[in-house]
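Asker: Here is how the chains run, residue by residue.
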Amino acid sequence: MNRIMVAVLLAAILALPAFGVENRQDGFPDGGRLVYGEYGRPATLDPITSNDMVGLRVTELLFNGLVSFSPKNEVVADLAESWDISPDNRVYTFKLRRDIQWHGASGGAGRRVTADDFVGTLDLIQHPRTLSPLKAPYELVAESRRVSEDTVSITLKRPIVNGLGRLSFKVVPTFALTNPDFFSRDDPFSQRPVGTGPYRLRTVTPEGDVVMDANPSYHRGRPHIDEMVLKPFADRNVLTQSLLFNSTDMIVQLNARDIAQVEGDKRFNLYPYNALSYTFFGHNLLNPHLKKKEVRQAIAYAVNRQEMLDSFYEGRGTVISGPFAPGSWAYNLDVKPMSFDPVRAKELLARAGYSRSGADGYLLTEEGTPLQFTLKVPIEKENETIKRVVLAFQNYMRQVGVKVDLQFREWQAWQEDVFVNHDFDLMIAEWAFDDSADISTLFHSKETGAWRNNFIGYSNPEVDGLIIEGKTTLDREKQRTINQKLHALLADDQPYTFLWTVTNYAAIHKKVRHVDIQPFKFFTFVDGWYIPTKEQGGSPE
Amino acid sequence: MRTAATTLVCVLLLAEGLASASEPDLARARELFRQNRWAEAREAIASNMGSLSPADRDQARFLLGLSHLREAELYRAVSAFSTDVGLAYMKELTASKERRALPWVPLFRGLYQLDAGRYEDAERSLAEAALSKSLDAEWSRLATTRRDLARSLKGRRPAAVVVADLEGVDLDAPDVEDASDPKKILRFFDPLRLETLERRAWKSALLELSPLAQEGQGMANKLARFYAGYSLFFLGETAEAVSLLASFDLAALGPDYYARVRVITAASSAPGDAAALWESTRNYPEAVLLWNELSPAEPVASALTERLKSLPQSFGESADETMVGRWGLAALSRGLDSKEVLTALSRHRNHANKNKIEWNDPLLLVALAAANYSNSDYPQSLETLFELAKSFEGLRGLQWNLQGVYAARQKSAGDARIAN
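Quick note, the sequences are listed as chains A and B, same order.
Be aware that the first sequence starts at 200, since it is given in our numbering, and climbs by one per residue.
Be aware that the second sequence starts at 15, since it is given in our numbering, and climbs by one per residue.
Hints were generated in silico from the structure; no laboratory data involved.
Among the clues, some could well be false.
DSSO-like mimics (lysine-lysine), calculated; alpha carbons at most 30 Å apart, straight line [unchecked claim]:
(1) K323(B) / K709(A)
(2) K684(A) / K404(B)
(3) K334(A) / K105(B)
(4) K198(B) / K535(A)
(5) K709(A) / K197(B)
(6) K710(A) / K404(B)
(7) K105(B) / K271(A)
(8) K370(B) / K733(A)
(9) K323(B) / K684(A)
(10) K323(B) / K334(A)
(11) K370(B) / K356(A)
(12) K353(B) / K465(A)
(13) K198(B) / K684(A)
(14) K356(A) / K404(B)
(15) K353(B) / K710(A)
(16) K111(B) / K535(A)
(17) K271(A) / K147(B)
(18) K111(B) / K465(A)
(19) K353(B) / K670(A)
(20) K425(B) / K645(A)
(21) K709(A) / K353(B)
Quick caveat: nothing in here was measured; it's all calculated off a predicted structure.
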C-alpha cells in the first residue's frame with residue numbers, strides 16, 4: 200500500500216464520525232418538513248442534463264458522487280471509501296462503500312451501487328448522443344473500468360489540477376434509464392430520478408412541487424428533516440410573499456429588493472453566501488453587427504451599470520469588469536470596469552460604420568435599416584427587478600441610437616432559444632461558478648453545440664490557446680496568470696457586457712437549525728439540518 | 015444604521031459641549047465621518063478650516079484627529095490580517111516545486127515573519143535571501159538590513175525603526191513583479207507598506223489632537239488628551255503616552271477610559287503588578303483589548319484568552335463595531351474557534367448591505383474578512399476586501415496574496431451553471 204493510499208484511508212477513518220455512521224449521534228431530533236421556494240422550476244431532476252442552478256440544488260438532494268467536499272472545501276470520501284492515485288497522477292482507483300443502495304423506486308429498491316454504475320455514468324456522459332454540459336469537463340477521462348464489483352478505476356488523459364475534485368460527478372443507475380447508452384431530457388428518468396442522496400423523490404405534483412422524503416438508509420446517517428419540498432414560483436414577488444405568509448420556510452435566493460423587509464422580520468434568519476456569480480448581457484456573435492468588437496464595446500460604454508445596480512438592487516452588489524466574480528482567485532484587479540460614457544459609445548458605433556440616423560433617431564445599417572437587436576429575457580411570469588433592468592438597458596441603448604426589442608420568455612423556452620437554437624441577438628442571465636473559476640466552457644470555440652455553454656458562438660484563437668494552456672498546466676500560479684490574462688482579454692473583447700455580481704441571501708425560518716450552506720451547491724450539508732420537535736408542526740402545506 | 019458608538023459619542027459630546035456646528039461643511043464632514051468615509055470627511059473640512067469659528071475649529075480638529083485615528087486602527091487590523099495571509103501565501107509558494115527556488119520567496123517570507131514578530135525565523139529567512147546570488151544588489155541590501163533589524167527589534171514592530179517610502183508610489187503596484195517565466199507573473203508586496211500607512215495615520219492623529227490636548231477646553235481637551243496618549247502608545251512611544259496620560263483627570267471620562275489609561279500605564283510598569291491590574295480592568299472590553307496588544311505573560315495571558323472567549327456575551331446589539339472588530343482579530347490571533355468568532359462578528363454586520371462601509375464599520379469588515387479567511391471562505395473574504403479597497407488604499411498586496419492562497423487550496427470540479 201503506498202503512502203497516498205495510507206493517507207487517504209486514514210483521512211476516511213478520521214472522517215467516520217461525520218460521514219460514516221448509519222445513525223446520527225448528534226442528538227438532534229428527526230422530523231418536520233421544509234418547503235423551499237425557487238424562482239422557476241427545474242427542467243430536469245437528473246444530474247446529467249441539468250444545467251441551471253435550480254437543477255443543481257435539487258440534484259444535490261437526490262444524488263451523490265465518489266467524493267464530496269467538506270465545509271472547508273476539502274475533498275472527502277462520499278460513495279467511495281478510499282482511493283489510490285497512481286504516481287503519474289493519471290489513474291484514480293476508488294474502493295467503493297458496500298453499503299450504498301439505490302433509492303427504492305423504479306426498480307432500484309435493494310440494488311446496491313457498484314462499479315458498473317460509475318463506469319456506466321461516465322460512458323453515458325461521454326456518449327456522442329448525450330446532450331450534457333458535463334461532456335466537456337469529462338473529456339479528460341480516457342477510460343473508466345470496473346476492477347471488481349466494489350472497485351472502479353478512472354484513467355485521465357493527462358494529470359490535471361484538482362483531479363480528485365473533478366471526479367465528484369453524481370452517479371446515476373443506468374439500469375433505470377430507457378436507453379442505458381445515452382441520455383436526453385426526454386428520458387422519463389429525468390423526471391422520476393433514482394439516486395443515493397439524502398432525499399429520495401416521492402412525487403412531482405401537478406403544480407410542479409417536487410416532494411422528497413428522507414432516505415432512511417442514507418450512508419451519512421438519516422437526514423433529520425423528514426420531508427423536503429421544492430416549490431417553484433413564477434413570480435419573484437409572490438415568492439417573497441410566500442415566505443412572509445408561511446407558504447414556504449425558505450427562499451434559496453431572496454430578491455434583492457425584499458432583503459430589508461425579510462431582515463426586519465424576526466421569524467427568519469438571513470444567510471448571505473457567495474456563489475461566485477455575475478449577471479451579463481450575452482451577444483450572439485452570429486449577428487453581423489454584434490460580431491464587430493466596436494459595437495460590443497459601445498454597448499458596454501452606453502450602459503450605466505452602477506446606476507442600475509443602485510436603482511434596482513439598492514446597491515447590493517458590485518459592478519464587475521470581466522468574466523470572474525470579485526470573490527474569485529482569478530479576478531484581475533488591474534482591470535477596471537468600463538465607465539459609463541455614451542459619447543465614447545457613439546464614437547465606437549461611428550467607427551464601426553453606424554453614423555447615419557433615420558427619422559426616428561436610430562442609427563442605420565449599410566442596408567438602411569435601423570441598428571436593432573432582440574434581447575431575450577428569461578422570466579417565468581413576473582420578475583420586477585429584471586424587467587426594470589432591461590427597460591433601462593433599452594433606454595440607454597436608445598440614447599446612443601440602437602434599437603432594442605425585448606422578448607420575455609419563460610425559462611425553459613428561453614433555454615431552448617439560447618442553448619439549442621441560438622435564436623437571440625442579446626440575452627441576459629447569470630453565471631455561477633464553483634471555486635475552480637473554470638470559464639473554459641463559456642468561451643472556448645469548440646463549446647458551441649446544443650446545450651453547450653458557448654451559446655454566443657465566441658471564437659478567439661488567443662483565448663482558446665490560453666484556455667487549453669490553463670487546463671493542461673499543473674502550476675496553480677501559472678493558471679492564475681492565465682486566468683488574469685483571460686480576464687483582461689475578454690474585458691476588452693466584450694463577448695458579454697459584464698454587469699455585476701449581487702449578494703446572494705437565503706432567507707430561512709428560524710425553526711430550521713444547524714444550517715450550513717455550501718455556497719454553490721447549497722444543500723451539500725442538508726443532512727445535518729434539523730427542526731426542534733416542538734416546532735415541527737408549523738410547516739406550510 | 016449601526017455606528018461605532020464610542021467614537022460617535024465622542025463627537026456628539028463635543029457637539030453638545032462646544033458651539034453648534036452651523037457651518038455646512040462641518041456638518042457635512044460629521045455626516046461623512048458617521049458614514050465611515052474618513053478621507054472625504056477630512057476633505058470637507060480642510061478647505062474651510064480658516065473660516066470656522068474657534069469653537070467649531072476645535073470640533074473640526076477633533077474630527078480630523080479621530081478620522082486619522084480610526085484609519086490607523088483600520089490599517090493596524092489590515093496589517094495583522096495581511097501578515098497572516100502573506101505567511102500562508104509564502105508557505106504555498108514554498109510547497110510548490112515550481113517556485114520554491116525563487117529567491118523572492120525566502121525574502122518576502124522573512125519580511126512577513128519580521129512583521130509577525132517571529133524574529134528568529136525572520137533572521138533565518140532573510141539571511142537565506144541575502145545569500146542568494148539571484149537577488150540584485152538593492153534587494154540583497156534590503157534583506158541584510160531587515161535581517162539586522164530582526165536582531166534588534168525586541169518586541170517592537172519594524173515601522174518603529176524603518177518606514178516604507180510611499181511618496182508617489184502606486185500602492186496597487188507590487189514591490190516586485192517576477193516575470194522570469196512570462197507565462198507566470200508573481201507579485202510580492204512589502205508588508206512594511208501597511209505598517210507605514212498605519213504609522214502615518216497615528217502621527218496625523220497625534221498632530222491634530224495635540225493642540226487640543228494642550229489648549230482645548232473641557233471635554234474636548236480631555237478626549238483629545240486621551241486619544242493623543244492612545245496614539246502615542248500605538249506609535250510605540252509608551253513613556254510619552256504614560257506621561258501625557260498621567261496628568262489626566264482619570265475620573266472625567268468614565269471607568270472604561272480610566273481602565274484603558276491604567277493598562278497603557280502598565281505597559282511601562284513592573285511585570286509583578288500585571289496580575290492585580292488585570293483583575294481590576296478585566297471587566298472593561300476596551301481595556302481587555304489593550305491587554306491583548308501588550309502580549310502579557312502568564313498568568314494574565316491565559317486569563318486574557320478566556321476573557322476574550324466570553325467577551326461577546328457582553329456585546330449588546332448596539333456595541334461599538336470597531337471594538338467588536340478588534341475583538342474578532344484578537345480572538346483569531348489567540349486561536350479561538352474561528353467559526354464561533356465568525357458567528358459572533360456576523361451578529362454585528364448589516365446583512366442587507368454586508369460589505370458597505372456606510373453600513374458597517376470598516377474595521378469590523380476587516381475582522382469579518384479575516385474570520386471568513388480562517389474558515390476557508392475565501393470568496394467572501396475577497397469580496398469584502400474588494401469593497402474596502404474602493405475606499406482605502408494599500409490593500410492590493412493582501413488581496414493578491416489571498417487570491418494566491420485560494421488558488422492553491424481550491425479543489426473544485428470546474429462547474430458553471432446558468433441562472434435567471
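Asker: Does each hint fit the structure? Answer for all of them.
Answerer: Outcome of the hint check:
1. With a C-alpha separation of about 25 Å, the suggested pair K323(B) and K709(A) falls inside the 30 Å cut-off, and the hint holds.
2. Proposed proximity of K684(A) and K404(B) is supported: the alpha carbons are some 22 Å apart, at most 30 Å.
3. For the suggested pair K334(A) and K105(B), the alpha carbons sit about 36 Å apart, so the restraint of at most 30 Å is broken.
4. Simply put, K198(B) and K535(A) have alpha-carbon atoms about 21 Å apart, close enough for the 30 Å limit, and the pair holds.
5. As the CA atoms of K709(A) and K197(B) are separated by approximately 50 Å, the hinted pair breaks the 30 Å bound.
6. For the given pair, K710(A) sits about 38 Å from K404(B) by alpha-carbon distance, which is inconsistent with the 30 Å threshold.
7. Our distance criterion of 30 Å between C-alpha atoms is met by K105(B) and K271(A), whose separation comes to about 19 Å.
8. Using a Cα cut-off of 30 Å, the hinted pair K370(B) and K733(A) is violated, with the two alpha carbons roughly 38 Å apart.
9. For the suggested pair K323(B) and K684(A), the alpha carbons sit about 45 Å apart, so the restraint of at most 30 Å is broken.
10. A hinted pair counts as satisfied when its Cα atoms are at most 30 Å apart, and K323(B) with K334(A) does not qualify at roughly 50 Å.
11. Annotation: proposed proximity of K370(B) to K356(A) is violated, straight-line Cα distance about 46 Å (limit 30 Å).
12. Taking the CA atoms of K353(B) and K465(A), the gap is about 23 Å. The hint holds against a cut of 30 Å.
13. With a C-alpha separation of about 10 Å, the suggested pairing of K198(B) with K684(A) holds against the 30 Å cut-off.
14. About 44 Å separates the Cα atoms of K356(A) and K404(B), which puts this hinted pair outside 30 Å; it is violated.
15. Of the supplied pair hints, the one linking K353(B) and K710(A) holds, its CA atoms being roughly 21 Å apart against a limit of 30 Å.
16. For the proposed pair K111(B) and K535(A), the alpha carbon gap of about 33 Å is over 30 Å, so the pair is violated.
17. Restraint check for K271(A) and K147(B): the C-alpha separation of about 40 Å exceeds 30 Å, so the hint is violated.
18. Taking the CA atoms of K111(B) and K465(A), the gap is near 53 Å; set against the 30 Å cutoff, the hint is violated.
19. Between the alpha carbons of K353(B) and K670(A) the distance comes to roughly 34 Å, so the proposed pair goes past 30 Å and is violated.
20. Using a Cα cut-off of 30 Å, the hinted pair K425(B) and K645(A) holds, with the two alpha carbons roughly 25 Å apart.
21. Restraint check: the Cα-Cα separation between K709(A) and K353(B) comes to about 19 Å, which is no more than 30 Å; the hinted pair holds.
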